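S.K.: Join these two chains into a complex; the hints should help.
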Amino acid sequence: MNDLLNVLLEGSADPATSSGYEEHPPRMGFFTDTSLCIGCKACEVACKEWNQVPEDGLKWTGNSHDNTGGLGADSWRHVAFVEQRVQIGDREPNFQRAPAAGGEAKDGFRWLMASDVCKHCTHAACLDVCPTGAIFRTEFGTVVVQADICNGCGYCVPACPYGVLDKREDDGRIFKCTLCYDRLGVGQEPACAKACPTDSIQFGELDELRVRAAGRVDQLQDAGVVEARLYGESPDDGVGGDGAFFLLLDEPEVYGLPPDPIVTTRDLPRMWRNVGLAAATLLAGAAASFVGSRR
Amino acid sequence: MSDAKVTRDGLEGTRPGREARLWSQGAELDDSGDAPNSVRVGWGAGQRRQRRRNDGEFSSYYGEPIINPPVWGERDIAGYLFAGGLAGASSILAAGGDLSRRPRLARRCKLCAAGALGVSLVALVHDLGRPERFVNMLRTFKPTSPMSIGSWLLAVYGPLNAAALLSDVFRRAPRAGRTASVAAGALGAGVASYTGALIANTAVPAWHGGHRELPFLFVASAASAAAGFALIAAPAAESDPARRLAVLGATSEIIAEQVMERRLGMVAETLHQGKAGRRLKTAKALTVLGALGAATLASRSRLAASLSGAALLTGSALTRFGLFEAGMSSARDPKYTVEPQRERLAAQAVPDPQA
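Sequence lines, in order, name chains H and G. Quick note, in my numbering, the first sequence goes up one by one and the last residue is 295. Quick note, in my numbering, the second sequence goes up one by one and the last residue is 355.
Derived from the structure by calculation, the hints contain no laboratory data. Only a predicted model underlies this, so the values are computations on that prediction, with no experimental measurement involved. Incorrect hints may have been included.
[Unchecked claim] What follows is a set of in silico ranges between Cβ atoms, one per label pair, in the way DEER data are often shown:
#, chain 1, residue 1, chain 2, residue 2, range
1, H, ASP56, G, PRO103, 54 to 64 Å
2, H, PRO54, G, HIS272, 35 to 45 Å
3, G, GLY265, H, ASP182, 38 to 48 Å
4, H, ASP236, G, VAL169, 58 to 68 Å
5, H, GLN188, G, ARG344, 33 to 43 Å
6, H, GLU55, G, ALA285, 25 to 35 Å
7, G, ALA236, H, GLY20, 52 to 62 Å
8, H, GLY20, G, ALA349, 35 to 45 Å
9, G, ARG75, H, ASP236, 36 to 46 Å
10, H, LYS59, G, HIS272, 32 to 42 Å
[Stated by the list, open to error] Chain H stretches covered by chain G per the calculated footprint, using a threshold of three residues with CB under 8 Å from any CB of chain G:
#, segment
11, 171–182
12, 207–221
13, 263–273
Where a beta carbon is used, it is the ideal one built from N, C-alpha and C, also for glycine.
Looking at chain G on its own, in the form it has when it is part of the complex (with noise of 0.2 Å):
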């Protein structure tokens, strides 16, 4: 320390040391002497969550997040991942049915087509700060924007899918009602798939971490969704396709989330704790248990079929709701975003020989 004193007459006393000794890492010390390792880095602040990095942890600036976390509400938007995920899948069966002449089955995988549509619009809408300026949706076409081209999607695919179910239901047209059917249907696949590609198109770690999966978790848990509702509305003569699809699904779902999670990393976590944790995890029961019923019980027994089904469907509310909640923890936990981001960095590196 310094004795030094600034005085009218100048500066007195002696300011030993001067010469620059750095403070952090790496530092190229002056010929004072002192070892490197004496010199300590890269405190974070504060103490809350301080952790040093050099002790191969992450520091952080308060613990407050590095991404703002979405500002979607979790009725809304977890809500809309379900609901659009079951009318796009429901769309598909009921394109089945019409194909595979299953009239009852085509028809009210239609109705539930239209219902959850009906609920995923209003969802949408109402999940926006202006309500009333939802019709911006339509005023571009941007491929690099999911939202955008989810807008045009649901645009065509609502009249579609609505011009069938009338054509169905008040026997009008059969033809182009079944011309409307199968395309609603094809466009239903895209319905299911590109919400995967909605959430995974952010800076949210859980998500973006999973892109390449999340499309494929998403059309499983729509499938098993869709074959759910079909076992409970349908005629067990004609849900046959339903239950096969119901294992297909609840098959995919899970194989795909033990990738995902693979290729998370430390991110994964955010799918175990929590409130996540407990959803995913319940979903996962519920999934298996379903598919299950609906591969033994569901041909034989009404409410076999009908539980399978209900199993089928909150498996897949529950997998939506848990991945978008372990979406939201990771965004609020900056570790999630700086860890990764290091890993990356140091692989990226040239490896240090003194390391």
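Excised from the complex, chain H in its bound form (with noise of 0.2 Å):
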């Protein structure tokens, strides 16, 4: 059992091949540069629009601009927005405070503006744990939830470690990002790739976007901005490697984002074992209190 698990959990970095494709288009994803986000949510607007996400609720968070809160059901983009007062030496900042009178102006401020989407993990957790086959890997390796098939158990809702997929209320299955399958099926990119002004979502082929950021993170701390980092984007990281990754310019908590992820499913082999070995303590402790007990 465990051999057949380890082929089911391990798989490759080229999902779709392990998933049972014979051929197929490389594997597409997303490559989001933060430190070119504007915040202007168009991703957003123009993922709901395309996909017929419904309103999810017109409230204030009190969190910057955000009143989206996060990746959910009605919510496959979400444009996070980070405030930060931050010292920030002689650069200048975003916007400026009067210096006090006589003193320095040392005070700084910043934005991190951030759209965040499912990841499309190579090891993906929603879809190893979906009891019903709902979720499936398509041949540009990404993953897909069948609205048709989807009975609402809500496993694949705890399982991810990103926090992505949720319930939709009112309807009882699952929703989340499809990296836009309808159109990746007929050579068109995902809406919110499309509709971003600035090409901080940048969609491709998974291999030449990664050598595309590495080259943006070369040429961000080359202009001396050191805190530029890559999120997602190791094939050794706990997922394998997201088929969606970031360019961040913080520590990955500060975007909501967990700064170790790992497949649940990494440890199931484990559990499995330990399931047996409780099953069989549990009859060998049954067993014993009837043998040799009184009449």
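M.R.: See the structure below:
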């Protein structure tokens, strides 16, 4: 059983092949370069329009300009807004404060904006745990929920280490980003990438995006932005690398991303072994309770 | 600050200090001589629950959870964890009763197993977002999904359980009934134990962190629940095995929980706080009392046996509802996701000679 599990869980860096596609297009994904994001939310709007994602409450969160809150059944793109009061030396902040009389202005401020999305993991926990087969791997290596199969068991919701999937309450089923599977099929790029005015969201072949991203990090670091780092691009991370990865300007948790996500099924072989051991222990304990007990 | 102005004639004024000075940790400052520690780092945004990571604390995005908390209903799913365990372990007691010729113990445990399984199935289907599609659970067989394996387990265990009960009640086909009863007992062990993997196979910190211990904790809790029911329902002359199983189950449950708490590290505080803390504390007290009662007075007094049994049953239910709540609260607070992951990264990193 563990051998089977390893085959099912490990897969390879090429998830479409390990999911049984003999011939398939290259793996497609997103590179979201947050250093270019201007927080316009065109991606959120384009996604909602194209995918007919319903409105999910018009509410003010008080969290900067973010009134979306986070990814869920009705938000497949989510633009995070982080306001940081940081001293930034003599570099000019976006907003300057008048220097105190006689004093030096040391107060600074910067925006971090980032458009979050389903990561389309190489080892996708949601896909592993889905008991109905509603969640499947496409020929593009992306992960999609089939709405006509999903029975709303909700197992994928807490399985996702990024908090992407959620249940649409008035519908009962689970929804998430499809990486515009319908558009990909006819050679179109996903709606969010199409709408992004700054090319913060870049769509393309994952291999090419990784090269482009590495170049961009070098470029930023050479320009002095040493905190620029890639998130989710490494095939060696806990989910085998993300199909949608990011360039961040601060720690992942600042943007609401887990610093070291791990696909929960990595530990499943040990869990199954312990389930077997526990069941055997229970049977042995019960047998011991019967053997030699009084009448 | 710059006093530069962009005019029709170009840039006027001076822009002092435009050499890039950086705002982040570890910034290699240019030769202006500013000490790196004058550079502040890593604020998460906003006012609420913002703490600085480089002070040894974590930062978060407005305190929003990182993972999406489970959408499972507490009554349905925590209730199933309890009822499924009770059913599975009751089938084992029933099989033991059949094999050791304790017919009244066997029949009552079969009734309990069938009832608890019925409640479980209703709860499981009710919790689905699309209950009418429950049969999609048997569309695939996926060892990567404990829920899929569990569905198949219940699909085989349920009919065996029913066959064993019907054969016993209507006194038909005793040999087949006994075979069904033994098979249901064997599968019952799986039913009682797989739910540990069911909730551990998620990103919920308090559940996943306990993935090694939860199956053991759950079978122990199931054993004490089934023994508790048998203490109430079976005549004293036939319930000696139940009394022993009660003590065994309760002891193992306490040990398994201690081991799990140690493993959970800082996440273990979710087992002690709030609703989860109250439930688990009461559960522990009831389980210990019930086991003590089962070990001492239950063989002599009908009333003591019933009280011990009720304490064990309630204790087991509270254990499941407590662990369910602990998982929910660990999912809602981002620090239980971030801090263990940070610790893991720090442990992997090569020690920094400057640190």
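S.K.: Can you tell me whether the CB distance of H/GLU55 to G/ALA285 sits inside 25 to 35 Å?
M.R.: Because 48 Å falls outside the window, the suggested range is violated.
S.K.: Can the suggested window of 35 to 45 Å be confirmed for the beta-carbon pair H/PRO54 and G/HIS272?
M.R.: 40 Å, holds
S.K.: Is the gap between the beta carbons of H/GLN188 and G/ARG344 within 33 to 43 Å?
M.R.: Check passed, 40 Å falls within 33 to 43 Å.
S.K.: Evaluate the given range 35 to 45 Å for the C-beta pair formed by H/GLY20 and G/ALA349.
M.R.: 38 Å, holds
S.K.: Is 36 to 46 Å respected by the C-beta to C-beta distance linking G/ARG75 and H/ASP236?
M.R.: 42 Å, holds
S.K.: Taking 52 to 62 Å as the hint, is the beta-carbon distance of G/ALA236 and H/GLY20 inside that range?
M.R.: 59 Å, holds
S.K.: Is the listed coverage of the segment 207–221 of chain H by chain G valid when you require three or more residues with a beta carbon under 8 Å from a beta carbon of that chain?
M.R.: Violated - the segment 207–221 of chain H has 0 residues with a Cβ nearer than 8 Å to chain G, which falls short of three.
S.K.: The segment 171–182 of chain H covered by chain G? Criterion: 3 or more residues, Cβ-Cβ distance below 8 Å.
M.R.: holds (count 4)
S.K.: 32 to 42 Å was suggested as the range; check whether the CB atoms of H/LYS59 and G/HIS272 agree with it.
M.R.: Hint holds: Cβ distance 33 Å, inside 32 to 42 Å.
S.K.: Please check whether the segment 263–273 of chain H has three or more residues whose CB lies within less than 8 Å of a CB on chain G.
M.R.: The restraint on the segment 263–273 of chain H holds, since 7 of its residues have a Cβ under 8 Å from chain G and three suffice.
S.K.: In this structure, is the beta-carbon distance linking G/GLY265 and H/ASP182 contained in 38 to 48 Å?
M.R.: Given a distance of about 45 Å, which is inside 38 to 48 Å, the answer is holds.
S.K.: So does H/ASP56 sit 54 to 64 Å from G/PRO103, Cβ to Cβ?
M.R.: 58 Å Cβ-Cβ, so the 54 to 64 Å window holds.
Violated hints, in rising order: 6, 12; the structure is consistent with all others.
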